[in-house]
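Undergrad: Each chain, letter by letter, is given below.
4 protein chains.
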Amino acid sequence: MSSSFGTLLKVSTFGESHCKGVGAILDGCPPGMPLTESDIQPQLDRRRPGQSRLTTDRQEADQVTLFSGVENGVTLGTPIGMMVYNKDQRPGDYREMRKIPRPSHADYTYQMKYGIRASSGGGRSSARETIGRVAAGAVAEKILRLAYGVEILAWVSAVNTIAAGDINLHTITRERVDANLIRCPDVEAAARMEALVAEVKEAKDSVGGIITCVCRNVPAGWGEPVFDKLEARLAHAMLSIPATKGFEIGSGFAGTRLRGSAHNDPFRAADGRLGTVTNNSGGIQGGIANGEPIVFRVAFKPPATIGLPQETVDFDGNPVSLEAKGRHDPCVVPRAVPIVETMAALVLADCALRQKAIMGLRNLRQTQQPAGA
Amino acid sequence: MSSSFGTLLKVSTFGESHCKGVGAILDGCPPGMPLTESDIQPQLDRRRPGQSRLTTDRQEADQVTLFSGVENGVTLGTPIGMMVYNKDQRPGDYREMRKIPRPSHADYTYQMKYGIRASSGGGRSSARETIGRVAAGAVAEKILRLAYGVEILAWVSAVNTIAAGDINLHTITRERVDANLIRCPDVEAAARMEALVAEVKEAKDSVGGIITCVCRNVPAGWGEPVFDKLEARLAHAMLSIPATKGFEIGSGFAGTRLRGSAHNDPFRAADGRLGTVTNNSGGIQGGIANGEPIVFRVAFKPPATIGLPQETVDFDGNPVSLEAKGRHDPCVVPRAVPIVETMAALVLADCALRQKAIMGLRNLRQTQQPAGA
Amino acid sequence: MSSSFGTLLKVSTFGESHCKGVGAILDGCPPGMPLTESDIQPQLDRRRPGQSRLTTDRQEADQVTLFSGVENGVTLGTPIGMMVYNKDQRPGDYREMRKIPRPSHADYTYQMKYGIRASSGGGRSSARETIGRVAAGAVAEKILRLAYGVEILAWVSAVNTIAAGDINLHTITRERVDANLIRCPDVEAAARMEALVAEVKEAKDSVGGIITCVCRNVPAGWGEPVFDKLEARLAHAMLSIPATKGFEIGSGFAGTRLRGSAHNDPFRAADGRLGTVTNNSGGIQGGIANGEPIVFRVAFKPPATIGLPQETVDFDGNPVSLEAKGRHDPCVVPRAVPIVETMAALVLADCALRQKAIMGLRNLRQTQQPAGA
Amino acid sequence: MSSSFGTLLKVSTFGESHCKGVGAILDGCPPGMPLTESDIQPQLDRRRPGQSRLTTDRQEADQVTLFSGVENGVTLGTPIGMMVYNKDQRPGDYREMRKIPRPSHADYTYQMKYGIRASSGGGRSSARETIGRVAAGAVAEKILRLAYGVEILAWVSAVNTIAAGDINLHTITRERVDANLIRCPDVEAAARMEALVAEVKEAKDSVGGIITCVCRNVPAGWGEPVFDKLEARLAHAMLSIPATKGFEIGSGFAGTRLRGSAHNDPFRAADGRLGTVTNNSGGIQGGIANGEPIVFRVAFKPPATIGLPQETVDFDGNPVSLEAKGRHDPCVVPRAVPIVETMAALVLADCALRQKAIMGLRNLRQTQQPAGA
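Chains as they are written, first to last, in numbering that gives the first Met the number 0: chain A, 0 to 372; chain B, 0 to 372; chain C, 0 to 372; chain D, 0 to 372.
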């Protein structure tokens, strides 16, 4: 039951890297919304392997099929089933891993947990599991866009030691993010990042990076106190993505080096509501959105699969030198951009539904309201 | 329902900063375990206000009372109720906040969410809410210690720009952490941190910091794949603590600057199981513990309540200058150490129970087992 | 975690029969609703022991205290804590049960489940646990009444073999139910029921009965498909009440003896919506309310505690003759009436919140709505 | 999110009656268990339409495909995906229902809830939704059988006014249940039931019935107190099956007519544990299994789809005479037998996993256990 996420809008993913297919069930999607595969495919295309020379050579079209919950292009309010079939499987590439747990992969831990594991690829720990998230999250993005004009935009803000310069959170667009292969809107940094990734790929090594994400037009009031704080749900969502090692909201770790007098975000009048002069809070105060842009950053480690030889041991403890034969990404962050966006969308759309429930019944003071449902 | 956390071991907290009391219900605690208030009080004492000159002057004894789930000093397996009464209330201190949302507090967002908010103090967003977590988490710590010898140790690793030196994760003890008021085991850094906090308190300002936490003796296999990855649950737990801005596991954000060949943790034979030579993974691979120490860091912002005047606006958008009259902490990290430890314990004890369920029924191949329950 | 119930409106109860107190936390109550102890106490008074000569002689005032979630008589949207202290404890009455599992009680099963059990009274299996439900459910009743004019009315429709005649579901009132001690609005049957209960009490025996419940003014659309069908949630709620053995909705078991042509409920035009000519469906079709009165019946077994000697065995299997010394109810149904009503209210108020979430976001066809929360 | 059921073993179903397919994801199945389609197909075959002259003429092979969670015939501990494709669709049969809500169907209530509904067939309210439950529940049955020898057997105990005689709960087998088309092990009653159903089919009408279910070899200790009582979960599961109107456990409604002295189940020594002399409790006391056979009964109404003309109104309130053209079952109980069994299995297997968690950590008294997971 750890493959489900969400309270009112719940995604459940399924599928291993080398079974018949992977996908998701999205339960709780509002009824009456136009929806076809073409709403979902673009984010899958941004995630799919083989999309550019910077990514793995594994070729998967990753075409999604909607198999339930939609009729005549409109959602029914019932569980939306989404399936992507696995095609380019090469189990032979994984023969040696049957005896050797790959360093910093999940082979050893799955074996310890379950006493069994998928014989090739990472099984559920494979990045292919994220296909279901991206498909479901693309639906969540559409809910948010239609109902609130919410815009969720992520981009690569660092690769290894190369950091992008400041990006304007209010004007950045998906077009600008996708203008280069590395998905970094700082064009100069992007060129250096791409060169580094190409070099690392050639060297059979890998590099990590950082993704920044902004969520605009999120209404004040979303998010729940205490354990379901909006930043806590976002952190949960982001750290559930394979290869992530860190999350920070607003000022993040750098904020620990400021004094309160510099860190606090004073209020200002803004369009009939209150805004803040600065945004060290990252758009969230006390776990609840304040109407400012929500900004967070996610750290991705360098991919564990590398072609360079590694001195490690097999399951019996015997020393071995391991050189990965399988195709792999030298750097995951370009392909992780849509994963971050869609996971954020799943969190926010769930918040939207929960807040609708509260708004619909708050301030009950009359003896009886008209009997609307 | 956002005040509950956990799957098989579930904590539900209740209480505002200025109501009759705060506390928690812990449901799912294993039956037959010795438990009295004396198991819980030490962590509450480490959290309580007024414990030293570095903390707020608000005085609360924060004595816990067990009111259900325990009989004759032994748990019954039923919900354990824990209550702490609020004593030192000064609602007058908060009079002005009725009209003015305090910068970087949750006054504005609670008002937007609920259309109402507690008239004094932060209500549920107050740090007093964490009393329930600490009480429940102290029980979780006992479960983990008795059943597995799990040790959870957190300490202050940075205050503002003062960072502690390297701490030995294998030998650090709670005694050494508590040897100074700031709870930093690097004695030299601790002295400078304490001096800084005293200076900041005098200046009516505040500072943030970082807490590092290690969990030792966690068995390989704990944690669930996909959405309930162990690091995702830890991130969720930590970002649900008031004033947190970031979370990183293992190599964290710094790990993004390494190449895969340097970041990967090769395996080695270790005491009949496999260990890893390095621990950039932070004790978790694929969301599942690998038996190495789990290490993570949490960023805390400088407290929002400061005595210095702040130029902001009231709820109607009129400019005001706000000087907080209430007592407050110049730096929360010393008191947050037990909060981090107990939240980690709640996450891990839940994992322990979930793994017991899996271990109990894996590898069903016979036609019929003896009918044990 | 089995002590919690509900999705958006969640009740968690705590407390054993002989610990310091029992109560509940209600999380998810809409903010801004007037609420004081006086909204809750009436249903507790209808449930409390010692209220009449037909019930147990154990005397408990069962005065409720609100200790969180409410300020100045108005709900904050935060968890509402409700506590009732246990007073009239006589552990000595239960001395013999330490060695002898009482027939048709939960002594044996708790011992088998937990390896330990409360040493006196039924612990969590005691009817005192229902105090928390009644207190929380009384709040749910108020939500439903204020927001929708929903009326929930239960009454005793049978005691042993004495059945009440037909009751008009549209006109029955709580006053008429409470006009006699047995809470049966058929006055003639009520007199015979009371005489039977008095006789049975004298004979140190016990009798069971049936409670019928009607929920009026429930809007069409409440309830969820598939696993959270409204009748499924009601059945779950009712069978979780101690001593219940059966549940039926609408035509129930008797409906199995009708043909479809007689059982189907044809539609008719009614006040701008559709009603049904008959109501064999009991107000629910496909798990969703259709706007007609919801009608269900709950079977309660005769109380297990009786003064007559019972030939049974102790925990070691040795034959013993057991005569209960403790005070007990000869018939629980009069006191169970408010329990049935408040559990139904908890189910329905949760449905109301869930339906608000759906109504708030259905039919998203525009490019962008005004940014309401 | 109402399409999921279970805590540690969670089933999520998807699919409408006339979309591409229906099925289920089962999350939490223990790893290392042999599993192929052949473990699942037999219960689907017992449920499928067109299996005999007593059922609907709609022909569906209902062949299940496992598409995830299993490798080389063994479960991986990951979500098991199961799909059945819809084949024999005749949307034309449903043309008239676009304007007319069918009496006692869910057309009207889905429309009121969602503002939209599937244009043909019942969508999610169709009996085809139960395919997912049966597939998932067949896996649960295998878990229970392999691990505990649990046997779950249901049969038709009444059709309309024809009731079967007493069936021996200890010796009844699935073979005897399936020995006739109506699935009633009382051969004489079965013959009369079959004749009645044939007559009713000819008359274009329908009849209801009752299914009795026994669960043998359930270990004492399964089930949780308070809100997740075993009978409450069973009632929830059963009332979530389409067309059900009632549930009773053990003595049920008839038990309300007994005195406590006759209803109580005295204990007796039995094979090193305690058994009960009688079983009015139906195998459950205080929500927890006591080791005796669990016995319950479920009421099914006559199917709502009948060929006879019905005087009703269309969505606009205009009177119409409706004659169903679609194929339909004159009586659902024979096909509902595997649905009842598999839903019971899902409830019990979830209990088994939850109890393993408790058993694994109860009685923690030592300072430290050996570090098993």
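These are computed hints drawn from the structure, not numbers from a lab.
The structure presented is a predicted model; accordingly, all values stated were derived computationally and were not measured.
Glycine included, C-beta positions come from ideal geometry on N, C-alpha and C.
Check the hints yourself; a few may be wrong.
[Unchecked claim] Pulled a few chain C residues facing chain A out of the computed Cβ check, cut under 10 Å:
{"#": "1", "residue": "T35"}
{"#": "2", "residue": "P48"}
{"#": "3", "residue": "G49"}
{"#": "4", "residue": "G76"}
{"#": "5", "residue": "T77"}
{"#": "6", "residue": "A146"}
{"#": "7", "residue": "A188"}
{"#": "8", "residue": "A190"}
{"#": "9", "residue": "P224"}
{"#": "10", "residue": "P318"}
{"#": "11", "residue": "L352"}
{"#": "12", "residue": "A356"}
{"#": "13", "residue": "L363"}
[Unchecked claim] One side of the interface only, derived from the structure: several residues of chain A facing chain C at Cβ under 8 Å:
{"#": "14", "residue": "M32"}
{"#": "15", "residue": "A188"}
{"#": "16", "residue": "R361"}
{"#": "17", "residue": "N362"}
{"#": "18", "residue": "R364"}
[Said to hold, decoys possible] EDC-like, lysine to aspartate or glutamate: derived pairs with alpha carbons at most 20 Å apart:
{"#": "19", "chain 1": "B", "residue 1": "K324", "chain 2": "B", "residue 2": "E310"}
{"#": "20", "chain 1": "B", "residue 1": "K86", "chain 2": "C", "residue 2": "E70"}
{"#": "21", "chain 1": "D", "residue 1": "K19", "chain 2": "A", "residue 2": "E36"}
{"#": "22", "chain 1": "A", "residue 1": "K98", "chain 2": "D", "residue 2": "D270"}
{"#": "23", "chain 1": "A", "residue 1": "K19", "chain 2": "D", "residue 2": "E310"}
{"#": "24", "chain 1": "D", "residue 1": "K141", "chain 2": "D", "residue 2": "E174"}
{"#": "25", "chain 1": "D", "residue 1": "K200", "chain 2": "D", "residue 2": "D56"}
{"#": "26", "chain 1": "C", "residue 1": "K19", "chain 2": "B", "residue 2": "E310"}
{"#": "27", "chain 1": "D", "residue 1": "K141", "chain 2": "D", "residue 2": "E36"}
{"#": "28", "chain 1": "D", "residue 1": "K19", "chain 2": "A", "residue 2": "D270"}
{"#": "29", "chain 1": "C", "residue 1": "K86", "chain 2": "B", "residue 2": "D38"}
{"#": "30", "chain 1": "D", "residue 1": "K324", "chain 2": "D", "residue 2": "E201"}
{"#": "31", "chain 1": "A", "residue 1": "K86", "chain 2": "D", "residue 2": "E70"}
{"#": "32", "chain 1": "D", "residue 1": "K98", "chain 2": "A", "residue 2": "D270"}
{"#": "33", "chain 1": "B", "residue 1": "K19", "chain 2": "C", "residue 2": "D270"}
{"#": "34", "chain 1": "C", "residue 1": "K19", "chain 2": "B", "residue 2": "D270"}
{"#": "35", "chain 1": "C", "residue 1": "K98", "chain 2": "B", "residue 2": "E70"}
{"#": "36", "chain 1": "B", "residue 1": "K98", "chain 2": "C", "residue 2": "E70"}
{"#": "37", "chain 1": "D", "residue 1": "K200", "chain 2": "D", "residue 2": "E322"}
{"#": "38", "chain 1": "A", "residue 1": "K98", "chain 2": "B", "residue 2": "D270"}
{"#": "39", "chain 1": "D", "residue 1": "K98", "chain 2": "C", "residue 2": "E70"}
{"#": "40", "chain 1": "B", "residue 1": "K324", "chain 2": "C", "residue 2": "D270"}
Undergrad: Would you mind marking each hint as holding or not holding in the structure?
TA: We went through each hint and held it up to the structure:
Taking 10 Å as the C-beta contact cut-off toward chain A, the hint placing T35/C at the interface is violated, the least distance being around 14 Å. Hint on P48/C is violated. Least Cβ distance to chain A is approximately 32 Å, over the 10 Å limit. The closest approach between the C-beta of G49/C and any C-beta of chain A is roughly 34 Å, which is over the 10 Å cut-off, so the hint fails. Annotation: interface hint on G76/C holds; nearest CB of chain A at approximately 7 Å, less than 10 Å.
Annotation: T77/C was flagged as interfacial toward chain A, and the flag holds, the nearest CB pair being 7 Å apart, inside 10 Å. Here the hint on A146/C is kept, as its CB sits about 5 Å from the closest CB of chain A, short of 10 Å. At its closest, the beta carbon of A188/C sits 33 Å from a beta carbon of chain A; the interface hint therefore is violated under the 10 Å criterion. Of the supplied interface hints, the one on A190/C is violated, with its beta-carbon coming no nearer than about 36 Å to a beta-carbon of chain A, more than 10 Å.
Using the Cβ-Cβ criterion of 10 Å, the hint placing P224/C at the interface with chain A is satisfied: the shortest such distance is roughly 7 Å. A hinted interface residue such as P318/C counts as satisfied when its beta carbon comes closer than 10 Å to some beta carbon of chain A; here the least separation is about 46 Å, so the hint is violated. Taking 10 Å as the C-beta cut-off, the interface hint given for L352/C holds, the closest approach to chain A being about 4 Å. For the restraint placing A356/C at the interface with chain A, the shortest Cβ-Cβ distance is roughly 4 Å, inside the 10 Å limit, so the hint holds.
Taking 10 Å as the C-beta cut-off, the interface hint given for L363/C holds, the closest approach to chain A being about 4 Å. Proximity of M32/A to chain C holds as hinted, the smallest CB-CB distance being about 5 Å (cut-off 8 Å). A hinted interface residue such as A188/A counts as satisfied when its beta carbon comes closer than 8 Å to some beta carbon of chain C; here the least separation is about 33 Å, so the hint is violated. For R361/A, the interface hint holds, since its Cβ comes within 8 Å of a Cβ in chain C; the closest pair sits about 5 Å apart.
A hinted interface residue such as N362/A counts as satisfied when its beta carbon comes closer than 8 Å to some beta carbon of chain C; here the least separation is about 4 Å, so the hint holds. A hinted interface residue such as R364/A counts as satisfied when its beta carbon comes closer than 8 Å to some beta carbon of chain C; here the least separation is about 7 Å, so the hint holds. Of the supplied pair hints, the one linking K324/B and E310/B holds, its CA atoms being roughly 15 Å apart against a limit of 20 Å. Distance check on the hinted pair: K86/B and E70/C sit about 17 Å apart at the alpha-carbon level, within 20 Å; holds.
Proximity of K19/D to E36/A is assessed by CA-CA distance (about 14 Å); at most 20 Å being required, the pair is judged to hold. About 47 Å separates the Cα atoms of K98/A and D270/D, which puts this hinted pair outside 20 Å; it is violated. For the hint pairing K19/A with E310/D, the CA-to-CA distance comes to about 50 Å; that exceeds 20 Å, so the pair is violated. The straight-line distance between the Cα atoms of K141/D and E174/D is roughly 17 Å, inside the 20 Å bound, and the hint therefore holds.
For the hint pairing K200/D with D56/D, the CA-to-CA distance comes to about 11 Å; that is within 20 Å, so the pair holds. Distance restraint check for K19/C and E310/B: the Cα-Cα separation of roughly 50 Å exceeds the 20 Å cut-off, and the hinted pair is therefore not satisfied. For a cut-off of 20 Å, the pair hint linking K141/D to E36/D stands: about 12 Å separates their Cα positions. Proximity of K19/D to D270/A is assessed by CA-CA distance (about 48 Å); at most 20 Å being required, the pair is judged violated.
Taken as a hint, the K86/C and D38/B pair is broken in the structure, with Cα atoms around 27 Å apart against an allowance of 20 Å. Proposed proximity of K324/D and E201/D is supported: the alpha carbons are some 14 Å apart, at most 20 Å. Pair hint K86/A plus E70/D holds up; C-alpha atoms about 17 Å apart against a cutoff of 20 Å. At roughly 47 Å between alpha-carbon atoms, K98/D and D270/A are farther apart than 20 Å, so this suggested pair is violated.
A threshold of 20 Å between alpha carbons decides the hint, and for K19/B with D270/C the separation of about 48 Å lies outside it, so the pair is violated. Simply put, K19/C and D270/B have alpha-carbon atoms about 49 Å apart, too far for the 20 Å limit, and the pair is violated. With a CA separation close to 17 Å, the supplied pair K98/C and E70/B stays within the 20 Å bound. At roughly 17 Å between alpha-carbon atoms, K98/B and E70/C fall within 20 Å of each other, so this suggested pair holds.
Among the hinted pairs, K200/D with E322/D is consistent with the structure: their alpha-carbon atoms are about 14 Å apart, no more than 20 Å. This hinted pair checks out: K98/A and D270/B have alpha carbons roughly 19 Å apart, not beyond 20 Å. For the suggested pair K98/D and E70/C, the alpha carbons sit about 51 Å apart, so the restraint of at most 20 Å is broken. A distance of roughly 59 Å separates the Cα atoms of K324/B and D270/C; the hinted pair therefore is violated under the 20 Å criterion.
When the structure is compared with the earlier hints, violations turn up for hints 1, 2, 3, 7, 8, 10, 15, 22, 23, 26, 28, 29, 32, 33, 34, 39 and 40 and for no others.
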